[in-house]
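Protein chains in written order, with the working numbering: chain A, 1 to 148; chain B, 1 to 148; chain C, 1 to 148; chain D, 1 to 148.
A portion of the hints provided could be inaccurate.
Said to hold, decoys possible - Here are the simulated distance ranges between beta carbons: (1) B:V48 / C:V140: 50 to 56 Å; (2) D:H69 / A:A55: 17 to 23 Å; (3) D:A55 / A:S139: 30 to 36 Å; (4) A:K76 / C:Q58: 16 to 22 Å; (5) C:V140 / A:G126: 58 to 64 Å; (6) B:K75 / A:G126: 47 to 53 Å; (7) D:T136 / A:K91: 38 to 44 Å; (8) A:P127 / B:H69: 37 to 43 Å; (9) B:K75 / C:G27: 31 to 37 Å; (10) C:Q58 / A:D107: 36 to 42 Å; (11) A:D107 / B:E60: 33 to 39 Å; (12) B:A55 / C:K75: 23 to 29 Å; (13) D:R79 / A:A96: 18 to 24 Å; (14) A:D52 / C:P127: 44 to 50 Å.
Claimed, not checked - Pairs of lysine-lysine residues, derived as BS3-like cross-links and limited to a Cα-Cα distance of at most 30 Å, are as follows: (15) A:K103 / D:K76; (16) D:K103 / D:K75; (17) A:K76 / D:K103; (18) A:K91 / D:K103; (19) B:K124 / D:K103; (20) C:K91 / B:K75; (21) D:K76 / A:K75; (22) C:K75 / B:K124; (23) C:K124 / C:K91; (24) B:K76 / C:K91; (25) A:K91 / D:K124.
To be verified - Derived coverage of chain A by chain B (criterion: at least 3 residues anywhere in the stretch with Cβ under 8 Å from a Cβ of chain B; other residues may be distant): (26) 12-24; (27) 27-41.
Simulated from the structure, these hints should not be mistaken for lab results.
Keep in mind that this is a model prediction, so the values were computed, not measured.
Cβ coordinates follow ideal geometry from the N, Cα and C atoms, glycine included.
4 protein chains.
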Amino acid sequence: MSDSGTIEAGVHRVSFRVYYEDTDLAGIVYHANYLKFFERGRSDFLRVAGIDQRALSQGEDGLFFAVRHMDVDFKKPARFDDIVTVESRIKAISGARVVIDQKVTCDGRVLSTAAVTVAALAAKGGPTRLPEAVRTRFSVLQDAADPA
Amino acid sequence: MSDSGTIEAGVHRVSFRVYYEDTDLAGIVYHANYLKFFERGRSDFLRVAGIDQRALSQGEDGLFFAVRHMDVDFKKPARFDDIVTVESRIKAISGARVVIDQKVTCDGRVLSTAAVTVAALAAKGGPTRLPEAVRTRFSVLQDAADPA
Amino acid sequence: MSDSGTIEAGVHRVSFRVYYEDTDLAGIVYHANYLKFFERGRSDFLRVAGIDQRALSQGEDGLFFAVRHMDVDFKKPARFDDIVTVESRIKAISGARVVIDQKVTCDGRVLSTAAVTVAALAAKGGPTRLPEAVRTRFSVLQDAADPA
Amino acid sequence: MSDSGTIEAGVHRVSFRVYYEDTDLAGIVYHANYLKFFERGRSDFLRVAGIDQRALSQGEDGLFFAVRHMDVDFKKPARFDDIVTVESRIKAISGARVVIDQKVTCDGRVLSTAAVTVAALAAKGGPTRLPEAVRTRFSVLQDAADPA
Chain A
1 MSDSGTIEAG VHRVSFRVYY EDTDLAGIVY HANYLKFFER GRSDFLRVAG IDQRALSQGE
61 DGLFFAVRHM DVDFKKPARF DDIVTVESRI KAISGARVVI DQKVTCDGRV LSTAAVTVAA
121 LAAKGGPTRL PEAVRTRFSV LQDAADPA
Chain B
1 MSDSGTIEAG VHRVSFRVYY EDTDLAGIVY HANYLKFFER GRSDFLRVAG IDQRALSQGE
61 DGLFFAVRHM DVDFKKPARF DDIVTVESRI KAISGARVVI DQKVTCDGRV LSTAAVTVAA
121 LAAKGGPTRL PEAVRTRFSV LQDAADPA
Chain C
1 MSDSGTIEAG VHRVSFRVYY EDTDLAGIVY HANYLKFFER GRSDFLRVAG IDQRALSQGE
61 DGLFFAVRHM DVDFKKPARF DDIVTVESRI KAISGARVVI DQKVTCDGRV LSTAAVTVAA
121 LAAKGGPTRL PEAVRTRFSV LQDAADPA
Chain D
1 MSDSGTIEAG VHRVSFRVYY EDTDLAGIVY HANYLKFFER GRSDFLRVAG IDQRALSQGE
61 DGLFFAVRHM DVDFKKPARF DDIVTVESRI KAISGARVVI DQKVTCDGRV LSTAAVTVAA
121 LAAKGGPTRL PEAVRTRFSV LQDAADPA
């Protein structure tokens with residue numbers, strides 16, 4: 001079974017194997033492919049949090065989440081056959097946007113970190129507000145991750 | 001300017017640079033990425049032949065082309081920085097399908113060959129017939145490529 | 001934990017989630033990305049069978065497996081959020097090649113099938129024989145899958 | 001012929017077609033694929049500037065360029081069949097690193113911007129200084145782009 005990971009104290013973690021497709025001729029994971037790992041992590045985070053992207057995209061008021069900004073550090077390489085873990089937590093929420101802090105680790109070493117700003121886009125075009133249920137869910141997750 | 005290639009005697013040719021994204025840890029182009037080169041070749045073939053995929057996909061009778069079958073030989077590797085050429089020609093046409101013969105070459109050497117069966121799919125679901133204008137265009141191109 | 005799947009009666013099965021990265025504008029999995037699913041399936045098949053590709057690639061006699069031929073049927077589409085299962089079994093073995101029959105299914109429906117010919121390539125260039133231990137392992141798996 | 005673009009006043013520009021492979025189910029270019037466009041732009045920038053990445057990677061002192069940091073804005077979407085232009089210019093140079101400012105545009109509209117920090121990595125492992133000839137070349141390009 002494919003595994004969508006778990007949320008503990010507001011932090012979602014899920015692991016992926018590095019396959020041939022992820023590597024490049026330098027023998028390591030091609031830098032753009034970390035963005036795929038981050039995106040898988042966010043998709044699984046939403047799923048485990050009970051937010052159904054497929055359902056949200058349907059119908060008259062259908063919406064997608066679109067990445068608006070990414071600040072990414074590439075610190076150490078992952079290699080073929082490694083198992084990497086993606087960690088995600090909600091950092092900030094506004095009317096139409098959410099900022100998610102993410103990290104890719106391997107055996108406890110941090111390989112890459114990212115701060116990702118995601119916005120809601122109406123399927124019929126243009127930005128739209130986050131649905132109230134989604135905002136609330138994000139808010140609870142944020143509080144769980146940063147209880148201070 | 002991006003270059004969509006040319007059709008001569010029914011055969012379309014277009015060239016692409018091999019970038020980092022295309023390679024894998026074996027130092028050569030990852031096998032699945034040849035399918036991207038073939039698909040770019042088919043897209044440019046249609047474009048140069050005057051068939052507008054974007055326009056065809058719009059509206060009530062919108063349709064997409066979907067690959068149904070591929071028989072692919074991987075003969076020699078392409079490497080970073082190589083310029084590869086994709087050749088495409090119409091091999092067979094039926095009501096809802098077209099078979100395209102394709103080839104990737106580099107400096108005259110054949111790297112990969114493919115016979116690709118493409119079917120028309122209605123955007124609202126299910127197979128559909130090729131539009132008459134598209135069939136006719138394919139037919140003219142097929143005759144030009146195999147004048148016998 | 002990432003899951004490499006299991007081998008039963010010579011047939012390996014492993015499951016993957018379909019993410020955004022896998023889809024295209026037709027709303028379904030981009031055809032070339034099935035080859036990534038097939039390749040992940042083969043990598044996990046080898047791993048679970050005790051064949052370590054990373055170790056095999058090291059040193060003086062290092063070798064890679066390279067795809068030589070694929071015959072692929074694309075029957076039905078997979079969509080975002082689907083969980084697809086890749087099935088793999090050894091079909092034929094020769095001195096330097098192995099043919100693997102593969103299938104991608106979703107909820108019991110067959111989405112795509114492939115017959116994949118893989119050859120051993122020396123890291124220093126050129127084809128090479130399959131190591132004896134690998135051949136033997138493939139042979140046992142083949143017998144388990146086709147006991148007749 | 002594949003076209004590597006041109007450098008004018010220190011700014012490199014090269015154009016790429018958007019193909020099916022680049023899109024996702026939202027009907028637009030998948031965000032991680034902009035990083036591929038940026039990387040193609042940097043590769044072509046180096047090539048046109050006379051810096052041969054393939055040659056640099058060979059031999060005892062072989063080196064690769066690795067992305068260390070990216071700050072990326074995704075402003076507007078690119079769509080299937082669009083032609084996008086990647087602009088690149090040298091922003092800063094230090095002993096082992098170079099910062100490149102990049103932009104993807106389509107018909108004059110800015111779709112995405114990135115500040116990319118690239119470091120030299122020895123093929124045998126670990127960071128290494130930029131070769132003197134490369135530093136000098138980058139320096140000339142930087143001066144041409146920011147003559148102030």
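Against the structure, the hints:
Separation of V48 of chain B from V140 of chain C is about 52 Å and conforms to the stated range, judged on CB atoms against 50 to 56 Å. The given range of 17 to 23 Å is broken by H69 of chain D and A55 of chain A, whose C-beta atoms sit roughly 36 Å from each other. For the hinted restraint 30 to 36 Å between A55 of chain D and S139 of chain A, the CB-CB distance of approximately 54 Å leaves it violated. A beta carbon spacing of about 20 Å between K76 of chain A and Q58 of chain C agrees with the range 16 to 22 Å that was offered as a hint.
The given range of 58 to 64 Å is respected by V140 of chain C and G126 of chain A, whose C-beta atoms sit roughly 59 Å from each other. Here the CB-CB span from K75 of chain B to G126 of chain A is close to 49 Å, well matched to the stated 47 to 53 Å. For T136 of chain D paired with K91 of chain A, a C-beta distance near 42 Å keeps the hint of 38 to 44 Å intact. The supplied range of 37 to 43 Å is met by P127 of chain A and H69 of chain B, whose beta-carbon atoms lie about 41 Å from each other.
Here the CB-CB span from K75 of chain B to G27 of chain C is close to 34 Å, well matched to the stated 31 to 37 Å. For Q58 of chain C and D107 of chain A, the Cβ-Cβ distance of about 19 Å falls outside the hinted range of 36 to 42 Å, so the restraint is violated. A beta carbon spacing of about 55 Å between D107 of chain A and E60 of chain B contradicts the range 33 to 39 Å that was offered as a hint. Roughly 28 Å separates the CB atoms of A55 of chain B and K75 of chain C, a value that falls within the hinted 23 to 29 Å.
Under the hint 18 to 24 Å, the C-beta atoms of R79 of chain D and A96 of chain A, about 22 Å apart, fit the expected range. Checking the proposed 44 to 50 Å range against D52 of chain A and P127 of chain C shows it holds: the Cβ atoms sit about 49 Å from each other. With a C-alpha separation of about 26 Å, the suggested pairing of K103 of chain A with K76 of chain D holds against the 30 Å cut-off. Taking the CA atoms of K103 of chain D and K75 of chain D, the gap is near 11 Å; set against the 30 Å cutoff, the hint holds.
The suggested pairing of K76 of chain A with K103 of chain D holds, with an alpha-carbon distance near 26 Å, which does not exceed 30 Å. At roughly 27 Å between alpha-carbon atoms, K91 of chain A and K103 of chain D fall within 30 Å of each other, so this suggested pair holds. Taken as a hint, the K124 of chain B and K103 of chain D pair is broken in the structure, with Cα atoms around 36 Å apart against an allowance of 30 Å. About 21 Å separates the Cα atoms of K91 of chain C and K75 of chain B, which keeps this hinted pair within 30 Å; it holds.
A distance of roughly 29 Å separates the Cα atoms of K76 of chain D and K75 of chain A; the hinted pair therefore holds under the 30 Å criterion. For the suggested pair K75 of chain C and K124 of chain B, the alpha carbons sit about 17 Å apart, so the restraint of at most 30 Å is met. Using a Cα cut-off of 30 Å, the hinted pair K124 of chain C and K91 of chain C holds, with the two alpha carbons roughly 28 Å apart. For the proposed pair K76 of chain B and K91 of chain C, the alpha carbon gap of about 24 Å is at most 30 Å, so the pair holds.
Taking the CA atoms of K91 of chain A and K124 of chain D, the gap is near 38 Å; set against the 30 Å cutoff, the hint is violated. Restraint check on the stretch 12-24 of chain A versus chain B: 4 residues with Cβ-Cβ distances below 8 Å, three needed, restraint holds. Judged by the Cβ-Cβ criterion of 8 Å, the stretch 27-41 of chain A is covered by chain B as claimed, because 4 of its residues qualify and three suffice.
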